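> Okay, here's what each chain looks like letter by letter:
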Amino acid sequence: MSLDTVDNASRTPDVDQPWKELGLKEDEYARVREILGRRPTGAELAMYSVMWSEHCSYKSSKVHLRQFGDKVPANDAMLVGIGENAGVVDVGEGYAVTFKVESHNHPSYVEPYQGAATGVGGIVRDIIAMGARPVAVVDPLRMGAADHPDTKRVLPGVVAGIGGYGNSLGLPNIGGELVFDACYQGNPLVNAGAIGVMRHEDIHLAKASGAGNKIVLYGARTGGDGIGGASILASETFDATKPSKRPAVQVGDPFQEKLLIECTLEAFAEKLVVGIQDLGAAGLSCATSELASNGSGGMRVELDDVPLRDSTLSPEEILMSESQERMCAVVEEAKVERFLAICEKWDVIATVVGEVTDGDRLEIFWHGEKIVDVDPRTVAHEGPVYERPYARPEWQDALQADDAGKLPRPADGAELRAQVLTLVGSPNQASKAWVTDQYDRFVQGNTVLAQPEDSGMVRINEETGLGVALASDGNGRFAKLDPYTGAQLALAEAYRNVAASGARPLAVSDCLNFGSPEDPAVMWQFAEAVRGIADGCLQLGTPVTGGNVSLYNQTGEAAIHPTPVVSVLGVIDDVARRTPMAFAQDGQLLYLLGDTREEFGGSAWSQAVHDHLGGLPPAVDLDREKLLGEILVSASRDGMIDAAHDLSDGGLIQAVTESCLRGGNGARLVVPDGLDAFTLLFSESAGRAVVSVPRSEELRFTDMCGARGLPVTRIGVVDGDAVEVQGEFTVPLDELRSAHEATIPALLA
Amino acid sequence: MTARIGVVTFPGTLDDRDALRAARIAGAEPVSLWHRDKDLKQVDAVVLAGGFSYGDYLRAGAIARFSPVMGQIIEQAREGMPVLGICNGFQILTETHLLPGAMLRNNHLHFVCKDQKLRVENAETAWTRDYTAGQEISVPLKNIDGRYVADEHALDELEAEGRVAFRYADGNPNGSLRDIAGITNAAGNVVGLMPHPEHAVEPLVGTGGTDGLGFFTSILKKLVTAS
Amino acid sequence: MARVVVDVMLKPEILDPQGQAVQRALPRLGFEGIADVRQGKRFELEVEGPVDEAALARIHELAETFLANTVIEDFAVKVEESAQVAEPAK
Amino acid sequence: MARVVVDVMLKPEILDPQGQAVQRALPRLGFEGIADVRQGKRFELEVEGPVDEAALARIHELAETFLANTVIEDFAVKVEESAQVAEPAK
Ligand SMILES: Nc1ncnc2c1ncn2[C@@H]1O[C@H](COP(=O)(O)OP(=O)(O)O)[C@@H](O)[C@H]1O
Ligand SMILES: [Mg+2]
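Protein chains in written order, with the numbering used here: chain A, 25 to 773; chain B, 1313 to 1539; chain C, 524 to 613; chain D, 524 to 613.
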C-alpha cells in the first residue's frame, strides 16, 4: 500500500476509509472531513479516531463535568485546575501538591498483573508531567463476588501488579479500598491514584510554545503493543498483512519508569523544560496534539525519528501505539544538549522528533512526505460533545421502597454478638492486610500513616513537619440507591477520613466508574453523581482539581453499581500532631461525635447479614461534616484526643473493632439513653467519628464540642482485652481478631 | 571530623535517600556514590541500599554486581572497609560472593511489607556494636526475594563461626533457611541483611521506632575511634 | 515418568523488559555479537502415565488457560527426550 | 541469525515455590496425573555470526557467570533447530 499523504488525500477524495472500524460514527467522520476540507489521511484518521474516542474526549461526560468548573468554591489553594494532567494545590511553605486518580479497569480484567501495573505507571507519569516528584500511590479496587473463582484469578494478579510496579518505583502505597460485589464480576474496577510534591516555581504545563523549541521524545522505544488500546481497536484495518490482533494490553517496565522520574526531575531542576506531556492513552497522537493545541504556535514532527522497537510499524501505528514509559518534552534549542546528556546519564533513550513552529498547524512527516496537517485544537479539544439522553430508571422507586429498616433485627445479646462477628469477618469489612502487606509503605522514609489508618499521610518537609494526607472512598451500594446522595456520601467519607487523621481537607479528585452511557439509566446515575459531587464540593469548600471517567463498565445489559470514587487531599502543619486510629491507652474515654439515626439502607449489616440492597442511603449533612472536620482538626492540634476513627460502613462496632485491634486494647461500651444497642452498633449515619480522650482533656474537649454545637456522647472506655457492650455481650479481642483477619487469606488460599 | 558514609545509587535503587538520611541522623557525613563512578570519594564506609537495581529483572542484584562502582567496593571490602548491604544491597553482596549463599523468591511468592522482629546474634561486627547479642529489635521488612538459601555445609560454617548476624525472631516471613535474616563475612566488616534499619531511625515515620539507628551509630563510633 | 516442557514467551511485539535488561548488560560484561535476548518461563511437568495424544492435548489446554496468558504470551509444549535436561554446574 | 537457548532451573534440592503453586492449582483446574512441576527461566539469544564451538563456549560462560547463579541454579545451553519456537495461540 502506498503512503497516504496529505496531497494524496486531496487528490483522492472518494477512497473508502475504515472510520467505522476505528470507532468513529458516521457524522463524526463527516465532521473530520468538514474540518479538514478534504478526506483525512490514514494517519489523520488514526489520530482523530483515538482522540475522539470516549476515553480521550469525554464526549458523553463533558456536559456534566462542566459543573466542576462552574461550581468552584472560593479556595486560595488552587494553583492549577481541571484541564491539565493533574490539578495542583498550594499546601504552604512554598510547596505545591498534585494528585489524581485514574482507572485501568478493562486491561486489568484481561491481564490482571500487567493491566494494574500499567495503571500505576500511567498515573505516575501524569504526576511527573506536572513537575512534581511522586511521593505516594493509592489503589481503590472493586472486585466480583469474594467467593467467585474468577476473583481468585483477578485479585491476586491486580494486587501483585500494583505492588510490582509501585514497589519497584519506590513509591509508598498509603491507601486504597477493596470492595467485593457480584456487580463487578466481569468488570472489576482498578483505580490508581498518585500524589506528587514540588515547589511552586516548578509547576510545569503541557504546552508547546516558542517557535524553534525542540520536541524531545524520551523513554521507552515505541512498539506495536497496545495500538488503539484506549478505544479498544484492532489494527488490521490499516494493513491486512500485519500480524493480527495487536494486543491492547501492554507490559510495564517499572525500572524504565523509575529512570524517567529521576531524569525528568533532574531536567526540571536545571530549568531545561518549557512544556511537558506524558504519553498515555492515544500515545503520540495525544501528546503532540495536546502540546500543540495548548501552546501558542504549531508543531512539526518527523515520525521517522521516533525510536522503534519494531521497524515494521506503519506511521498510523506509531501514532496510535500506547507503549508505556514514554514522555515528551519541549526544550529550548540551546538546552537540548544538556537535556539529552541528563537522559544519557540515566540510560534513557531521548530523541528530538520535531519542533515548535510559528504557524498554527500540527504537521507530521514520514519519509519526507507530509501525512498529517491539522489544526491540533480540532484533534485535542474540539471533539464531539454528546448530550446523551438520561432518565431516572423505573426500578429506582421499587428499590428505594424496599426499606432495610424492615429487615429482621437481632433478638437478643447473643444474636447481636453473632452478627457482630459476621459483620467484621464479612469480605468487605474484613482486614485487607493480605493486600496491603504486599505494598511497600515505608519507602522514601516519610510515611506517617498508611493502611489501615483513616488516611494515608506523608511528610513533605523534614524540617517543619509539614505533611499531606489523602483518602479515597466510594460506596456503589449507596450510589445505586441514590446516586446524588451516594456520591456525596463518598465525598463526605473521604473528607471525614482526612480530618480524622488531623489534616485539614483541601481539594478533591474523582474517578467516576459507570456502565454504558448509551443507557439512559446509567447516564442519569452519572449526571446525578456529578451533580452531587459538584454541589458537595461547593458546600465543603474543596474544589475538584481533576479526575477521570470510566464508562462502559458493563457486561450485556448489566451495568456495575454506579461507583464514583472520591479522593480528598488534606494538609497538616506538623505531622507530629497526626491522630492515629489505635486505642492505645487503657482508661481513656470513648466519645461518639455526631447523631446516630436508624439508617440501614445499603449498610454493611444489610449486606453481610441479609444480603439485601434496598431503601435509602444515610442522609448527608455537609455542614455537619464540616463542623465535625473542624473539631477533629482542632482536637488534634491542641492535643485533646489520642485516637480518632471515622464511622462509615459497618458503623460504630466496625470502627471500635478496628481501633481496638490496632491498639491491642479492648473497650467497654454503654448504650446511651435514647438508642438501642442494635442501632448504636450497626447504623451507618454519616457525619460521625469515635475518639479516645485522655481523662485530663475530657472537659476541655466536651466543652469545645458543646460550644460549637456538635453532639458528643460518652459511650465507654478503653479497657481490658475484650469488646463488651454492657448488658448485651462480650467478645474477646482474640475472637474478633480471628474473625476479622482470617477471611481474605482464606478466600485466596 | 566525622566519618564519611557513602551510599551507592544504581539505576533502580530506591532507599538511597533514606540511607543517606539515616547516616546524617546518626551524625555521619552522608556521601552519594553513583554506579558509574570508579572513585569512592574517600568514604570510610559504604551502604548498598534497597531497591531494584537495574530492575532486578534477571535476578536480584545480578546486574549491579558488574557495575563500575562495585569493582572498587569489592576490592576495598576485602581490605577491610565496612560495607552494609540492606535488602537489594544484601542480594548484591551475595552475587559478588563477598557473602555466601543466595536470595530467592519468598516461599509464599508475595512481596511482604511488615514490621519485623529480629534477634541480633552477633554484636561484634562493624555495624552491630551498639547492640547486644540476643537483643531483639524491630525494623521494617519489605521484599519479594528475601528467602536466604545456602547449602548445608555453608550454613553449618556460618553458624560455627558466629557469622549469622540476625535471625527472624517472631516467625519466619519468607522461608529463609535457619531463620537467617542477615550475615557477616569472617572479618565482620561486610554485613548484609534483608530488613531495613534505615527505615527505623525516626519516631514519627515508618514503623515509628528507632531500633535501626544502631547500625549507623555503631559504624560511626568504630570509624571515629579508629581515626 | 515422562517430562513435558512448556515454554512460555512474551509475544514478539510485546515489550520484554527482562530480556532487554540482560541484553543491555552484555557489553559491560564483554559479550558482543548477541543481537537480541528474550526471557521467558520454562515449566517442567512430570507426567504420570503415558504421554499420548490425549495427555498432550490436556497439557496444551493447561498451558493455554493457565500457564500462559495468550493475550500477551505464546507457548510451546514439548516432550523431553531424556529426563536429564539441565547440566549441573561444575 | 541463529538462536541459542539457555534454560535455567533451580537445583533439584532447592525449594521451588512457584512450581509448587502451579502444581497445587492443578486439581482445582481439573488436571490430574501431574506428579511434579518446576518453574524456571528460558533465555532466547539471537546470535550474530556462526554458532560454532567458540561461540557456544562463550555462551556457556555467559550462562555460568551471569544468566544463572550456580549457587542455586543449573543451566543448559541448546542450539535451536528451527527459529520458530513458540506456537502462536489460536
Ligand atoms: N471526573 C472528573 N472530574 C474532574 N475532572 C476530570 C474528570 N475526568 C477528567 N477530568 C479532567 O479532564 C482532563 C483530561 O483527563 P484525562 O484525559 O484523564 O487526563 P490525561 O490526559 O492526563 O490522562 C484532566 O484535567 C482531568 O483532570
Ligand atoms: Mg496525562
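By construction, these hints were calculated from the structure, which means they are not laboratory data.
The structure presented is a predicted model; accordingly, all values stated were derived computationally and were not measured.
In this text, a Cβ means the ideal position worked out from N, Cα and C, and glycines have one as well.
Don't take each hint at face value.
As the list claims (entries may be wrong) - Here's a subset of chain C near chain D, in silico, CB distances under 7 Å, partners left out: (1) G556; (2) Q562; (3) G572.
> Each hint: holds or not?
Here is how each hint holds up against the structure:
1. The interface hint given for C/G556 holds, since its Cβ lies 5 Å from the closest Cβ of chain D, which is under the 7 Å cut-off.
2. At its closest, the beta carbon of C/Q562 sits 5 Å from a beta carbon of chain D; the interface hint therefore holds under the 7 Å criterion.
3. Here the hint on C/G572 is kept, as its CB sits about 6 Å from the closest CB of chain D, short of 7 Å.
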